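Heads up: the sequence lines are chains A and B, in that order.
First residue of the first sequence: 1, per this note's numbering; consecutive thereafter.
First residue of the second sequence: 1, per this note's numbering; consecutive thereafter.
Treat the hints as calculated values from the structure; they're not laboratory data.
Note that the structure is a prediction, hence the values are computed from the model and not measured.
Any given hint could be a false lead.
Claimed, not checked - A few chain B residues that face chain A, going by a derived Cβ cut-off under 7 Å, partial list only: (1) 96; (2) 99; (3) 101; (4) 191; (5) 286; (6) 313; (7) 317; (8) 328; (9) 332; (10) 333; (11) 337; (12) 344; (13) 346; (14) 368; (15) 378.
Built from N, CA and C at the ideal position, the CB exists for glycine as well.
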Amino acid sequence: MLWLIPALPLAAVLLNLLVGGRLGRKGVGWLACGAVGLAFLVALRAVLRLAALPEAQRTVTDTVYTWMRVGDFSADVSFLLDPLSAVMALVVTGVGFLIHVYSTGYMAHDASYRRFFLYLNLFMFAMLTLVMADNFLLMFVGWEGVGLCSYLLIGFWYTRPSAAEAGKKAFIVNRIGDVGFILGMLILFAWGGSLNYARLFAVAPHVFAVGSTVITTATLLLFLGATGKSAQLPLYTWLPDAMEGPTPVSALIHAATMVTAGVYMVARTHVLFQLAPVSLQTVAWIGAATAVFAASIGLAQNDIKRVLAYSTVSQLGYMFMACGVGAFTAGIFHLMTHAFFKALLFLGAGSVIHALSDEQDLRRMGGLAPRLPWTHATMLVATLAIAGIPPFAGFFSKDEILSSAFASGNTAVWILGLAGVVMTAFYMFRLYILAFRGQPRLSHEAEHHLHESPPSMIVPLAVLAALSVLGGLVGPPMQEGGHAFARWLAPVFAGGEHAAAAHHAVPMAVEWGLIALSVVVALAGIGLAFRVYLQDPGAATRLRERLSGLHRTLLHKYWVDELYDATAVRFVHGTARSFWRFWDTKVVDGAVNGVGYVFEGFSAVLRLFQTGFVGTYALFFTLGVAALFLHLLRH
Amino acid sequence: MSKRTREFYALLLALESGMIGTFLSLDLLLFYVFWEAMLIPMYLLIGAWGGERRIYAAVKFFLYTMAGSVLMLVAILWLYFLQKTHTGVATFDLDAFYALPIAPATQLWLFLAFAVAFAIKVPMFPFHTWLPDAHVEAPTAGSVILAAVLLKMGTYGFVRFAIPLFPQAATQLTPWIAGLALVGIIYGALVSMVQPDLKKLVAYSSVSHLGFCMLGLVAMNPQGFAGSMMQMLSHGVSTGALFLLVGVVYERRHTRLIADFGGLWKPLPVYASIFLVVMLSSIGLPGTNGFVGEFLVLLGAFRAQPVWAVLAATGVILSACYMLWMFQRVMFGPVTHPENEKLVDLSFRERLVFAPLLVLIFWMGVMPQPFLDRMQPALDRVITLHHERAAFSVAGAPAAGAGPRAIITLPVGGGAR
Numbered sequence: 001m002l003w004l005i006p007a008l009p010l011a012a013v014l015l016n017l018l019v020g021g022r023l024g025r026k027g028v029g030w031l032a033c034g035a036v037g038l039a040f041l042v043a044l045r046a047v048l049r050l051a052a053l054p055e056a057q058r059t060v061t062d063t064v065y066t067w068m069r070v071g072d073f074s075a076d077v078s079f080l081l082d083p084l085s086a087v088m089a090l091v092v093t094g095v096g097f098l099i100h101v102y103s104t105g106y107m108a109h110d111a112s113y114r115r116f117f118l119y120l121n122l123f124m125f126a127m128l129t130l131v132m133a134d135n136f137l138l139m140f141v142g143w144e145g146v147g148l149c150s151y152l153l154i155g156f157w158y159t160r161p162s163a164a165e166a167g168k169k170a171f172i173v174n175r176i177g178d179v180g181f182i183l184g185m186l187i188l189f190a191w192g193g194s195l196n197y198a199r200l201f202a203v204a205p206h207v208f209a210v211g212s213t214v215i216t217t218a219t220l221l222l223f224l225g226a227t228g229k230s231a232q233l234p235l236y237t238w239l240p241d242a243m244e245g246p247t248p249v250s251a252l253i254h255a256a257t258m259v260t261a262g263v264y265m266v267a268r269t270h271v272l273f274q275l276a277p278v279s280l281q282t283v284a285w286i287g288a289a290t291a292v293f294a295a296s297i298g299l300a301q302n303d304i305k306r307v308l309a310y311s312t313v314s315q316l317g318y319m320f321m322a323c324g325v326g327a328f329t330a331g332i333f334h335l336m337t338h339a340f341f342k343a344l345l346f347l348g349a350g351s352v353i354h355a356l357s358d359e360q361d362l363r364r365m366g367g368l369a370p371r372l373p374w375t376h377a378t379m380l381v382a383t384l385a386i387a388g389i390p391p392f393a394g395f396f397s398k399d400e401i402l403s404s405a406f407a408s409g410n411t412a413v414w415i416l417g418l419a420g421v422v423m424t425a426f427y428m429f430r431l432y433i434l435a436f437r438g439q440p441r442l443s444h445e446a447e448h449h450l451h452e453s454p455p456s457m458i459v460p461l462a463v464l465a466a467l468s469v470l471g472g473l474v475g476p477p478m479q480e481g482g483h484a485f486a487r488w489l490a491p492v493f494a495g496g497e498h499a500a501a502a503h504h505a506v507p508m509a510v511e512w513g514l515i516a517l518s519v520v521v522a523l524a525g526i527g528l529a530f531r532v533y534l535q536d537p538g539a540a541t542r543l544r545e546r547l548s549g550l551h552r553t554l555l556h557k558y559w560v561d562e563l564y565d566a567t568a569v570r571f572v573h574g575t576a577r578s579f580w581r582f583w584d585t586k587v588v589d590g591a592v593n594g595v596g597y598v599f600e601g602f603s604a605v606l607r608l609f610q611t612g613f614v615g616t617y618a619l620f621f622t623l624g625v626a627a628l629f630l631h632l633l634r635h
Numbered sequence: 001m002s003k004r005t006r007e008f009y010a011l012l013l014a015l016e017s018g019m020i021g022t023f024l025s026l027d028l029l030l031f032y033v034f035w036e037a038m039l040i041p042m043y044l045l046i047g048a049w050g051g052e053r054r055i056y057a058a059v060k061f062f063l064y065t066m067a068g069s070v071l072m073l074v075a076i077l078w079l080y081f082l083q084k085t086h087t088g089v090a091t092f093d094l095d096a097f098y099a100l101p102i103a104p105a106t107q108l109w110l111f112l113a114f115a116v117a118f119a120i121k122v123p124m125f126p127f128h129t130w131l132p133d134a135h136v137e138a139p140t141a142g143s144v145i146l147a148a149v150l151l152k153m154g155t156y157g158f159v160r161f162a163i164p165l166f167p168q169a170a171t172q173l174t175p176w177i178a179g180l181a182l183v184g185i186i187y188g189a190l191v192s193m194v195q196p197d198l199k200k201l202v203a204y205s206s207v208s209h210l211g212f213c214m215l216g217l218v219a220m221n222p223q224g225f226a227g228s229m230m231q232m233l234s235h236g237v238s239t240g241a242l243f244l245l246v247g248v249v250y251e252r253r254h255t256r257l258i259a260d261f262g263g264l265w266k267p268l269p270v271y272a273s274i275f276l277v278v279m280l281s282s283i284g285l286p287g288t289n290g291f292v293g294e295f296l297v298l299l300g301a302f303r304a305q306p307v308w309a310v311l312a313a314t315g316v317i318l319s320a321c322y323m324l325w326m327f328q329r330v331m332f333g334p335v336t337h338p339e340n341e342k343l344v345d346l347s348f349r350e351r352l353v354f355a356p357l358l359v360l361i362f363w364m365g366v367m368p369q370p371f372l373d374r375m376q377p378a379l380d381r382v383i384t385l386h387h388e389r390a391a392f393s394v395a396g397a398p399a400a401g402a403g404p405r406a407i408i409t410l411p412v413g414g415g416a417r
């Protein structure tokens, strides 16, 4: 019955298409939320039953039918529930349900209410297919499916040219990654003979030598797909622009679920990545570099959603960093806690934007704490969680990543991670202070309409806040035999976690030291933010002036978009134009028409002989006879 | 279609008979007759009901295709006399020709004669320039048939005739055909990207898609063949639907220029939604028909020669570029031309036309196995024939893959090598 989990949202899509017009707003909202809520319950039941099984047997598959079979190639529509996909399915349906409920409030006044929930449910279907597929090809269905929904939802307000542009950009950048995914699949099938996880992972150690070119190429190509979907260097540029979409979309797709698909994929294929040390190194480095790079851009952004977008890119970097040093459990752990607190941050930001009549600029906010008490309280919880302050959820997962990085011996990556922590704490508290503390800087219009959000939006915020506080407790550090979350995932990552094993080899004192260090670093970032943005009103301006070059670079996001436009986009466009204008019109078609002209030319010459005058013909006749005589006379 | 309805439908039916005959003939002479006969109604359809440059387009279409077919006729006659001297039986029966041993040098010439005729029809780069002209000038119904069925006569010709009849020549020329197919995929997509005219954009996208078909064929393995056939079918559905969709707005606005549209989603939500689905099928989104063929072709190509798959995969990115950019300019943004605000959405009749196409798009994408199963025996036979005949008279034949060599040698077989 596993197929029921993705099928429920799909059924809601079809029902919405067929009878949605007659259901009215309320009915559409109930249908959409109900389907996802039900999917959550079904998933929960399945997971509980999975947990009841002995540890070694915690893999359930459900084959629906054979999708395609040609020669020795075959791929099934088949779903898999194991501890890893169980975590993903619960996070996706659980957080997804809360965001659906929130959307009924947030989108209440939108003209295209029905279309919104249609896309949102379609997304749930695709995302659940992605995480529950038992083979690469079906995962790819979900993989491109979520990309499509992302495209549709970013461009949801399609009359805005910037939204349409952002949607297209997201799809095309993701497609570049997807080509990597496809080519990776081709290699895996050509050598491994199957795209089914279980079969492929079983033969992988025998077919691929450790560190061989083949497996390194294959995993790097898969990782290229992950950098597209999960917005890592160099394919991250679409995610900040994706903020053009409605805020619940940013929370669901561009923070909690879809963008984590790349992390999930790397964790899912950890068997392959562990055969390719170079690929794992690459993952770690790209992750660490992205974590710092995106965090630095986040320092200077003024749009509340863009700060959060760069923060998401940065946090995803941490997840990849974890995978790269072999700590897949830590990566998935952070994926889960991040889903809670980042969804909360976006929904909170949405609540702020909603309250301020669509104001997104941090410079025109401030002093909102007393006016939006619920939003403020929940946002504060999420901000503390992402900054890594104990005992909030983010602390546990981030700490685990950092100590794994340290334990793996990759000190440079660890230092980058630590640098990211201080930046994260700083930009998040900058956001918090600019929005909720200090003097109000609202426009008159916004001030007038200022109101706390309706219960449909506040309740999801409260639930996510609770999860952001408690979610980390499943994975406290320094547990004998690993913490509860690690033990749950152990059957999936069994035997694979070199780094995690090394992690436990780190002495207790060092471990405490690492924890203290990361907390101190986070507190330093927070303190700095309070100092600059709250206590000393002129400090921010002075800092900006003193570092004007750096500030401009960060504000313009290192001009990476401009660089891509000037090189890749212009190159493709220019080539296309010259292919058409010159090659196609002049050369290829010119040759075709040229053949025509040659024949026309011949006939034009030959036509001269066909004058129609008897005199001319008589002349040719006489000349011919004379020539014949001459010829005969010479012999 | 309002003027000269009677003649229009008569010609349309004649065209359909010609095409059905072409696909059903297992006798080379009969095949040739249908192949040529089908030109006449198409020529008249473009010439009489077409757009402004219809005469140029019709003549170009006719002469270009004709030039190719004449070579094929010569090759057919050659085969006939070869058969007669070899066995003493005077027949054009295809099965008899399948059993005929042909010297490699002769094979090369005969294959080329067939291949040029088929390549023009496909159309393969660089024989494609008649296609945009014919598409742009043809009436909507003509464009649909042209794209959906007529082009497939070329690829079908390769599968049914050129490859199994002349296996060694086919193997020998594989690198060249694959090269042209790859150029077609990338070149067609790039040229498509910068077209200002919707019909031309779709026409060039056909060049790109048919490149995938040809690449799958020359991969000469089960996945490549099946993928190629699926790609032919799904290209017929999705590109046919695209031409119908362009026809819908052309009927309303009498223009096909992308610049004349913009923001159409607002006045035409149903139309835009259908367009979206068809576009996604055209760019090969998994779950739609386009993906099955494209993926199998890539799989087959990769096993034959990894570089082919790598190059062809760029077509996956480029197709998203040209289609999405077009969709953005036509459907999204504010309505830029006031006359577009009053456009009427699809009528019940029009919706009825698209319904079966949408069903096919998802059916072939979600459950392709019934389609694959039905074509499997015929494709297996072609592959077996190809291998048997290639082995039958190998002496002196050049080794397979005389062109660019595989960068990596694959341990899992399944190719022609």
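Hint numbers not upheld by this structure, sorted from lowest to highest | 1, 2, 3, 11, 12, 13 and 15
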